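**Student:** Given only the sequences and the hints, what does the whole structure look like? Please build it.
As they're listed, the protein sequences go chains C and R.
Using this note's numbering, the first residue of the first sequence is number 1, and each one after it goes up by one.
Using this note's numbering, the first residue of the second sequence is number 1, and each one after it goes up by one.
In silico DSS-like cross-links for lysine-lysine, where the CA-CA straight-line distance does not exceed 27 Å:
#	chain 1	residue 1	chain 2	residue 2
1	R	K392	C	K181
2	R	K120	R	K238
3	R	K120	C	K351
4	C	K37	R	K187
5	R	K293	C	K243
6	R	K293	C	K181
Keep in mind that the hints were calculated from the coordinates and are not lab data.
On a predicted model such as this, the values are computed, not experimentally measured, just so you know.
Listed below, chain by chain, are the residues.
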Amino acid sequence: MAQLDVQQKLEILADAAKYDASCSSSGTAKRTSRDGKGIGSTDGGMGICHAYAPDGRCISLLKILLTNSCIFDCHFCINRKSSNVRRARFTAQEVVNLTLAFYRRNYIEGLFLSSGIIASSNYTMEQIVEVARSLREDHHFRGYIHLKTIPDADPELVHQAGLYADRVSINVELPTASGLKRLAPEKSEGRIETAMQEMKTAIVDTADAKKRYKSAPRFAPAGQSTQMIVGADAATDGDIVAKASTLYDRFNLRRVYYSAFSPIPDASTILPLKRPPLMREHRLYQSDWLMRFYDYTPADVVAATDQATGMLPLDIDPKLAWALKFRGSFPVDVNRAPREMLLRVPGLGVKAVGNILSARRWRRLSLADVGRLTQSIAKVRPFLIADDWRPLALSDRADLRPVVAPKKEQLELFA
Amino acid sequence: MTGKLVRRVTLADEDDFDGWRDAARGLAAEAIPASDVVWQVGNGPGDLFAADAPPPPAPPAGGGFSVPRAFLDLARNVVLHSDPTRFSLLYTLLARLRTEPKLMEDHADPLLRRLDLLAKDVRRDIHKMRAFVRFRELDDGGTPRFVAWFEPDHHIVRANASFFIDRFASMRWSILTPDISIHWDGKTLEEGPGAAKSDAPGGDPIEDVWKTYYASIFNPARLKVGAMLKEMPRRYWKNMPETALVPAMIAGAQAREAGMITTARDAVGGNIELAWAALRDEAAGCTRCPLYKPATQTVFGEGPVDAQLMFVGEQPGDQEDLAGRPFVGPAGQVFDRAIAEAGIDRTAVYVTNAVKHFKFEQRGKRRIHSKPGAGEIEACRWWIDQERMLVKPAVTVALGATAARSLFGRVVTIGRERGRALELPDGGGEAWITVHPSFLLRLPDEAARAAEYARFVEDLRVAAARVGAD
Numbered sequence: 001m002a003q004l005d006v007q008q009k010l011e012i013l014a015d016a017a018k019y020d021a022s023c024s025s026s027g028t029a030k031r032t033s034r035d036g037k038g039i040g041s042t043d044g045g046m047g048i049c050h051a052y053a054p055d056g057r058c059i060s061l062l063k064i065l066l067t068n069s070c071i072f073d074c075h076f077c078i079n080r081k082s083s084n085v086r087r088a089r090f091t092a093q094e095v096v097n098l099t100l101a102f103y104r105r106n107y108i109e110g111l112f113l114s115s116g117i118i119a120s121s122n123y124t125m126e127q128i129v130e131v132a133r134s135l136r137e138d139h140h141f142r143g144y145i146h147l148k149t150i151p152d153a154d155p156e157l158v159h160q161a162g163l164y165a166d167r168v169s170i171n172v173e174l175p176t177a178s179g180l181k182r183l184a185p186e187k188s189e190g191r192i193e194t195a196m197q198e199m200k201t202a203i204v205d206t207a208d209a210k211k212r213y214k215s216a217p218r219f220a221p222a223g224q225s226t227q228m229i230v231g232a233d234a235a236t237d238g239d240i241v242a243k244a245s246t247l248y249d250r251f252n253l254r255r256v257y258y259s260a261f262s263p264i265p266d267a268s269t270i271l272p273l274k275r276p277p278l279m280r281e282h283r284l285y286q287s288d289w290l291m292r293f294y295d296y297t298p299a300d301v302v303a304a305t306d307q308a309t310g311m312l313p314l315d316i317d318p319k320l321a322w323a324l325k326f327r328g329s330f331p332v333d334v335n336r337a338p339r340e341m342l343l344r345v346p347g348l349g350v351k352a353v354g355n356i357l358s359a360r361r362w363r364r365l366s367l368a369d370v371g372r373l374t375q376s377i378a379k380v381r382p383f384l385i386a387d388d389w390r391p392l393a394l395s396d397r398a399d400l401r402p403v404v405a406p407k408k409e410q411l412e413l414f415a
Numbered sequence: 001m002t003g004k005l006v007r008r009v010t011l012a013d014e015d016d017f018d019g020w021r022d023a024a025r026g027l028a029a030e031a032i033p034a035s036d037v038v039w040q041v042g043n044g045p046g047d048l049f050a051a052d053a054p055p056p057p058a059p060p061a062g063g064g065f066s067v068p069r070a071f072l073d074l075a076r077n078v079v080l081h082s083d084p085t086r087f088s089l090l091y092t093l094l095a096r097l098r099t100e101p102k103l104m105e106d107h108a109d110p111l112l113r114r115l116d117l118l119a120k121d122v123r124r125d126i127h128k129m130r131a132f133v134r135f136r137e138l139d140d141g142g143t144p145r146f147v148a149w150f151e152p153d154h155h156i157v158r159a160n161a162s163f164f165i166d167r168f169a170s171m172r173w174s175i176l177t178p179d180i181s182i183h184w185d186g187k188t189l190e191e192g193p194g195a196a197k198s199d200a201p202g203g204d205p206i207e208d209v210w211k212t213y214y215a216s217i218f219n220p221a222r223l224k225v226g227a228m229l230k231e232m233p234r235r236y237w238k239n240m241p242e243t244a245l246v247p248a249m250i251a252g253a254q255a256r257e258a259g260m261i262t263t264a265r266d267a268v269g270g271n272i273e274l275a276w277a278a279l280r281d282e283a284a285g286c287t288r289c290p291l292y293k294p295a296t297q298t299v300f301g302e303g304p305v306d307a308q309l310m311f312v313g314e315q316p317g318d319q320e321d322l323a324g325r326p327f328v329g330p331a332g333q334v335f336d337r338a339i340a341e342a343g344i345d346r347t348a349v350y351v352t353n354a355v356k357h358f359k360f361e362q363r364g365k366r367r368i369h370s371k372p373g374a375g376e377i378e379a380c381r382w383w384i385d386q387e388r389m390l391v392k393p394a395v396t397v398a399l400g401a402t403a404a405r406s407l408f409g410r411v412v413t414i415g416r417e418r419g420r421a422l423e424l425p426d427g428g429g430e431a432w433i434t435v436h437p438s439f440l441l442r443l444p445d446e447a448a449r450a451a452e453y454a455r456f457v458e459d460l461r462v463a464a465a466r467v468g469a470d
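**Tutor:** This is the structure:
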C-alpha cells in the first residue's frame, strides 16, 4: 500500500471518530498563555464551538483516532476487526502538529483523541498518552485535551492520561448488559465499570489534595464522561434513563452522552438496519437536562414514559409529557408557588423561574410579565395562574395534548 | 422648539463605556430627564436642534449615588450594541433606579427586558467572534503573523481583544474588521483604523486540511440542517472557509446513507445464524413491557434463518409459555395440520409471534389467555422487526389481527384485507393476512368450523404459492 499523507490519514481517522457524540470543551480549569510560553487558553466555562456540521453537531475539538485498526470485533463499530474499512495510523508527532496547526488558526479548542486497540491495550494507551505529554510538555499547550482511555490498560498509564487531560472518558457503549454481550462480545460491563470507578477515585483524591496543597497536580479537571448507543439493543427510554442515573451517581460523571445508532458503512449483520428516530436521542437529552437542572428524579422521567412501551413520546418533550400526566399538579400560581413547582411548568426555563422569583418579591406578576420572561406564552398559559389570568377552560379540557403539542412542521425534518 | 434645555453628550467611541458613565452620573445627579439628553459618538451630525446645547454637568465629586453592580454589568455589555438608542435607554434605566432601587431584580419590566435582550445580542456576538475568527498565516519577514478578517454585528472588537491575547499571547496576530483593527506583537496591543477584506491574506494551505476534517467528521446519516443554521447563521459563512462544502455535503448525505443500508442488506455474511442466536439470547432478558414479570419465559421465533415464508402469530399461550417454543399448544396443532394440508414443509418455514410473552389472567389454577394491548404490541415490535430483517422472508403471513397490527403498525380489519397480496410498509416484502388458528377452535358450530378451516388452509396455500412467484 502506498504511503498515506497526513491529509489522507485525517480523512480516514476523522471519519472513524465521528460516531463519538461528545465534542465538548466545557468545564475545565481556567488557563491562559499570557506567560508567553506555549499557546492556548481555556475559560473554565462552557467551551466554544468553532463550527457546526450539517448533522447539527458542534465542532469544538479535533476529534480523531490515533488508528482505526482494532483487534476487537464490536458489531456496532465501523472500526471492528472484521470491517472492510480502509485503515490508517497517525504517529504521535503528526497528531501533535495537526492539533497545533489547527489551534493557531482558531479552528479548534483542542484535541479529542481516541484509538482502536492495536497490539495491546497498554501499547495503545502509551501512544495516546505520548500525544498528550508532547502537547503539554514539549509545546506547553494550554488548550483542551479529552482522552478516551482503555478499560484494560495498566492503571498507571490511565493515571498519566488524567494528569495531561482535561477530560477522560470510557464508553459504556450500550445501556444493557445483554446488549453489550450481543454487540460487543469482547467487552465486559464489569471491566468498564471498574475502570470508571478507578477514574472517579483518582479525580476525587487529587481534587482533595489540590484543596490542601496548591502544588498538587491537576487530574482531569473537567471530570469523566461516557457514551451509550441508543436503538441498537432492546433498552427502552425508561431503561436508559435509569442506567444513566446510576452512572451519574456511582461514578460522578459530568455527562452521559447518547448517540442514536446510525447505519455505518460495511455494517455487521448483527446490527439492526433501521435506525431509531433522531428525535429519540433528543428526548433523552431533554430528560437528562430535567434531571440535572430541574430537580426531576429518574422516577419522574420514567413516569413520563408510556407505561406499556417504556418510551418517551416523540411528538412532545418529556417535561410536557410529565405535566400532561400529572394534570392535578397544575395550574401553578406564579405569584405563590415554590421554585420546585415553577420548574415543572412546561415552557418555563431555569432562568425564567429565577427571574420570576426575584421579581415577585417586589410586585405581583401578570401574564404579560411572564410573557416577557419566557419564549412562548402559549405553551405556559394552560399551566399557570397569574395576577390577571386563570386557565379555566384550558385546564379543564380533557384533550389538552393537541392544544399544547407543537405543530407537525416544527418537528425535525428527518426525525 | 420650546425653550426646553437639551443636553448633548458626545462620546469618544461607539464602545465608550467610561464616557457614557461619567456623563450619565452628572445628568442623573441633576435629575435631568432622558428625553432632554441627546447622545452622539465622535463628530457625527448629531441633532440639529441640540447644536447649541450645553455640555452635561460634570460628575459630582465622590461618584454621586451608587447603583447595583448588576446595572454596571448590563451597561458594559449594552454600550457595545449597534442600536443607536442604547445610550439613551441605559440612561432612562439609570434615572429610574434612583426612585426604584430594586428595579434590577425585575426582569419582567419592559425596559429592563429590552436592555437584557440587547446585552444578550452582544454576548452572543462576542462568543461568535471567538468561535468564527479564522486566522491565515502570513510570512511577514521571517516570523509568521496570523491575520484574520471578521465582520462583527456590534462594537465588540476592543472588548474581545483580551480573549485572543490570553489564547495566542506568543503569536503575532492581527484581527481586521470594517471599523477597527487590532494588532498583537507578542507584548502589546495596538489599534488601527478599519480595514477591507482584501487587506487580509486570501488563503492558507492548512485550510484544505481543515476542510478535509470538516467533511470527514460529518455523519451523513443524521442530517439536521436547522440545528446547524441556528448556531452558525449564514451571515458568518462568507469568512469561514469550510462552509463552502456545506451544500454538497447536504446534497450527498441521503444518497450516502441509502448506500450504507443497501450494502448492508445485500452483503449478508455467513454470520446471520450467529446474529439470530445472539438476538434470541438478548430477547430472553427482555423487560421492554411489564408482561415479562408473570410469564415463565420469552418465547422467541424458530425456524431456518433463510426461510422464504414466515408466519406471525399473536402471542405464546399457556403451553408455549411453559415449553419456551412457539405454536406447540392446541392452536399450534391446528396450524401444523393446516400447513401440512396446504402442502407446506413445516421445517422450511419460520414461525414467530407478534408478542413474545404470554399475557394471561389467573383464574384459580388456570391461566386464561388475555389479548395483548397496543402498547405491548408496540413494545415487542422491536424484536419482530429484528427477526424479519435477519430472515428477510419473501412472503410473510399474519395470523390474526394482533400479528397484522404488529406488521403494519396500524389496526387492520382481517375481513377486508384477507385473501390478497399486501405490501409491508417498511419495504419488508409481500404480506398476506388470515385468521389465527385459535379462532377456528372457538367456533361452536361444527359446519362453520369446517368451512372456516378449509378457507384457512386455502389462504395458506395461496400465500405459500407466492414464494418465488415473481
